[in-house]
Amino acid sequence: MSEEIFKLEKDNLEGFLLYLSQKYNLFLPRRVDDQLSFGQMKPGGKPSLDHYFNTDLPPKEVFFPQRETLLSYEGGEVKHSTYKAKPIALFGVRPCDTKGIILLDRVFAEGEYEDPYWKARRTNSLLLTLGCNAPLSTCFCHWFNLGPFNKEGTDIFLTDIGDAYLVEPCSKKGEECLRGTSLLGATGDDRKVAEEIRRKAESSLSERVEISSLKGRLLALWEEDLWEDISQKCLSCAACSYLCPTCHCFDIQEEGSQEKGERIRIWDSCMFKLFTQEAAGTNPRPTPKERLRQRIMHKFSYFLDNLGEFGCVGCGRCIRGCPVNLDIREVIKAVKSFIVESR
Amino acid sequence: MASINEQLREQARKLLADKVVDLIIGYRKGSLPLRSTPYLVKTEEEAGSLIFDLTSSNNLAKYLPRVKTENRGSKIGIVCKGCDGRSVVQLIIEGQVKREDIVIIGVPCEGVVDTRKVRKKTGGEEVLRVSLPVLPGSGGREIMVEGRGFKITLDKEEVLCDVCLGCQHPNPPLYDLFIGRPREGSSARDEFKALEEFERLSSDERWRYFEHEASRCIRCYACRDACPLCYCEQCFVDETHPQWFGKGPDSSDTLIFHIVRALHTAGRCVSCGACVRACPVGINLNPLWVRIEKEVKERFGYTAGLSLEVTPPLATYDENDKQEFIL
Amino acid sequence: MSEGRKPKTEDQPWQPKIIAFLCTWCSYAGADLAGVSRIQYPPNIRVVRVPCSGRINPLFVLKCLQNGFDGVLISGCHPGDCHYISGNYVARRKFAILKTALEFVGVEPGRVQFSWVSAGEGEKFAEVVKKVTYDVQQLGPAKRLVKPR
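Chains as they are written, first to last, in the working numbering: chain A, 1 to 343; chain B, 344 to 670; chain C, 671 to 819.
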């Protein structure tokens with residue numbers, strides 16, 4: 001990787017985005033009705049970067065839309081759909097979410113089974129990650145050895161240093177992309193400012209909880225009453241799952257009539273009772289207790305088994321979005337501190 | 344005089360100690376500023392964490408049927424502000440819980456804070472600390488919120504939920520004991536005031552509003568799952584034989600889901616606003632619910648959750664009901 | 671449903687597709703009487719026979735609108751005539767709320783209409799169908815709540 005770090009004046013951001021949008025189908029944080037999410041850049045459009053901490057909805061929807069047509073049929077003719085537009089670029093994605101996309105790559109693109117729909121969007125895509133100068137109190141990426149300036153998985157890393165961004169290529173794709181620009185190199189002073197910002201952001205994070213032993217604890221506590229206490233207030237809605245940058249369960253359905261219709265893929269969530277409802281009438285996860293336990297187990301145990309890493313990136317969306325303030329950090333702490341009573 | 348929280352804790356301890364109740368559904372301080380969290384109290388020690396204030400926004404009646412099923416034979420205490428209490432009345436009328444199985448602990452509600460309104464006031468900046476006026480009737484109106492590099496004082500009225508601003512029933516209609524004194528009077532604002540603006544809109548404009556709101560729906564069902572009266576064993580939207588409507592984010596499917604939920608809660612909805620507060624993407628379809636509530640009131644003379652003696656309007660009829668819309 | 675969605679042309683003007691839910695004891699018999707009496711009415715309705723107007727779930731109406739019907743007609747026995755004593759009374763309350771909700775979200779008032787037609791009212795049935803067809807024709811093809819296919 002080159003050691004070169006460039007500098008992008010904020011005054012030139014528009015031009016830079018225009019350059020990106022020529023080569024890429026560019027998505028950036030956009031505020032609609034006070035909600036921030038990743039949206040396609042429209043001509044003359046600007047990213048909503050004021051008071052931007054993180055988007056309310058995760059960027060996974062760019063690569064894994066909530067509703068995706070897999071195939072369509074009409075009059076006996078079947079058409080398979082694939083993503084054919086320009087490669088996708090995400091500008092301003094936060095480091096935790098970049099990590100989330102990397103984890104989903106493992107699920108959809110690198111495992112035994114490849115998901116052609118994810119791959120079609122993700123191949124040749126470019127991630128431009130923006131470091132977090134001011135992490136929120138609900139951010140806990142550092143629990144997972146990530147951090148507000150974690151560069152893992154990104155193609156280009158940006159640091160906001162006031163009236164400019166430091167732009168650092170972190171992959172071959174990133175380097176190539178920047179080669180087409182006329183950005184100047186950053187000065188030593190710029191780097192010092194960025195370093196100071198990074199140090200300040202990291203020190204502003206809340207207390208870190210050690211979670212290396214979590215998986216073992218979870219397995220040992222699977223049958224304990226603890227889950228009843230934790231899930232007591234859970235409404236079993238899917239706000240957490242749908243706000244999560246790594247939740248990726250889906251359902252496949254048919255919509256239409258005999259003559260014309262579509263096979264679609266839509267998001268699904270293990271928090272729904274219907275998720276495990278069997279045709280014969282039984283349900284192995286009949287109450288919120290089993291369903292919440294499943295979600296926690298998946299993030300902190302099964303993900304490790306399958307992919308060697310935790311399935312949570314500490315973005316804190318589920319904490320901010322939960323209608324009953326069921327805080328996943330408190331769940332983790334409760335699991336850690338639970339004392340098994342001898343029977 | 345002891346604060347509301349102190350009185351609440353004291354009474355809760357007493358109820359548990361005297362075995363009047365086996366457990367109490369209440370609130371404790373949440374993990375975020377401006378948030379409380381539902382809390383199931385089983386011991387006198389736990390009762391010491393109970394609170395009630397402007398952040399007690401969940402409708403606790405939601406938990407009654409579930410807690411009842413999971414703790415058969417237990418007597419359940421429940422902390423109720425006005426709307427929670429009205430929901431409990433509806434649940435009793437509808438046979439979901441028995442009056443004799445519950446002990447209603449009334450609390451004087453001064454409204455609950457809409458965190459989205461606060462977020463707007465802070466320009467999207469995160470709130471890290473708050474100080475709330477002490478309840479009740481202290482005359483305190485100022486809410487101070489603090490965050491990174493700002494400290495602002497908000498008037499309560501600016502950040503209370505829309506439904507609270509027009510609330511006519513701040514006290515539960517039914518209670519076994521009351522913490523403090525029931526609030527006197529109700530909101531000066533008309534309960535249907537929020538509708539005025541909407542009713543002035545043309546059909547096209549209303550359609551644009553509702554379709555836009557529905558198009559933002561992510562189908563997480565937090566609204567349904569937070570609603571104390573959405574207790575169906577299986578929601579129509581989860582039925583598969585036949586599957587009524589699509590389950591994706593298509594705006595026709597989502598809007599129909601919300602319309603049907605509004606129809607199913609017609610004459611039962613107590614306007615607690617729990618569905619609006621639960622929405623993780625900030626959709627506000629409340630005007631539809633308020634419109635139906637108004638129709639129910641005007642047409643059938645009914646307001647939900649005020650009395651155990653009345654049959655809900657959609658479960659009965661009057662031979663002389665108006666039928667001006669029928670050819 | 672596809673012919674209902676075809677664009678208007680000179681030789682084949684757009685014709686609304688209307689679904690009618692008729693209670694078997696009164697309105698369906700009324701439609702039958704209109705038929706045997708050779709009373710003319712527009713051929714735009716497709717009839718679904720239901721045991722009682724109380725059987726008509728608002729979901730039926732919404733599903734029809736979603737599937738692209740341009741209009742929905744619901745018809746049952748006059749008050750006091752219900753074969754099941756009170757089915758139409760309960761339905762009347764339900765319909766009032768359904769109508770309020772649909773119109774409030776912006777579905778045009780003429781799209782979904784209600785009537786009482788007895789077994790002896792063949793004439794009235796034809797009049798109702800004429801009126802509903804005319805109203806829906808004035809409104810044009812349904813767009814709201816329709817799910818594009």
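Keep in mind that the hints were calculated from the coordinates and are not lab data. Take the hints with a grain of salt, since some may be wrong.
[As the list claims (entries may be wrong)] Restricting the straight-line Cα-Cα distance to at most 30 Å, the calculated cross-link-like pairs of lysine-lysine (DSS-like) are:
(1) A/Lys289 / B/Lys499
(2) B/Lys665 / C/Lys817
(3) B/Lys665 / A/Lys200
(4) B/Lys372 / A/Lys336
(5) A/Lys42 / B/Lys463
(6) A/Lys273 / C/Lys733
(7) C/Lys733 / B/Lys637
(8) C/Lys794 / A/Lys84
(9) A/Lys119 / C/Lys794
Compare the distance between the alpha carbons of B/Lys665 and A/Lys200 with 30 Å, and conclude whether the hinted pair is satisfied.
violated, 68 Å
Is A/Lys289 within 30 Å of B/Lys499, Cα to Cα?
With Cα atoms ~37 Å apart, A/Lys289 and B/Lys499 exceed 30 Å; violated.
Hinted pair, alpha-carbon criterion (30 Å max): A/Lys119, C/Lys794. Please report holds or violated.
violated, 62 Å
Does the alpha-carbon distance linking B/Lys372 and A/Lys336 stay inside the 30 Å limit?
Answer holds: B/Lys372 to A/Lys336 is near 21 Å, not above 30 Å.
Quick one, are A/Lys273 and C/Lys733 close enough, alpha carbons at most 30 Å?
holds, 24 Å
For the pair supplied as a hint, A/Lys42 and B/Lys463, confirm whether the alpha-carbon distance does not exceed 30 Å.
holds, 25 Å
Hinted pair C/Lys794 and A/Lys84, Cα distance within 30 Å:
violated, 57 Å
Within a Cα-Cα threshold of 30 Å, do B/Lys665 and C/Lys817 meet the stated pairing?
violated, 33 Å
Taking only the CA atoms, is the gap from C/Lys733 to B/Lys637 under or equal to 30 Å?
holds, 26 Å
Hint compliance for this structure: hints 1, 2, 3, 8, 9 are broken, all remaining hints hold.
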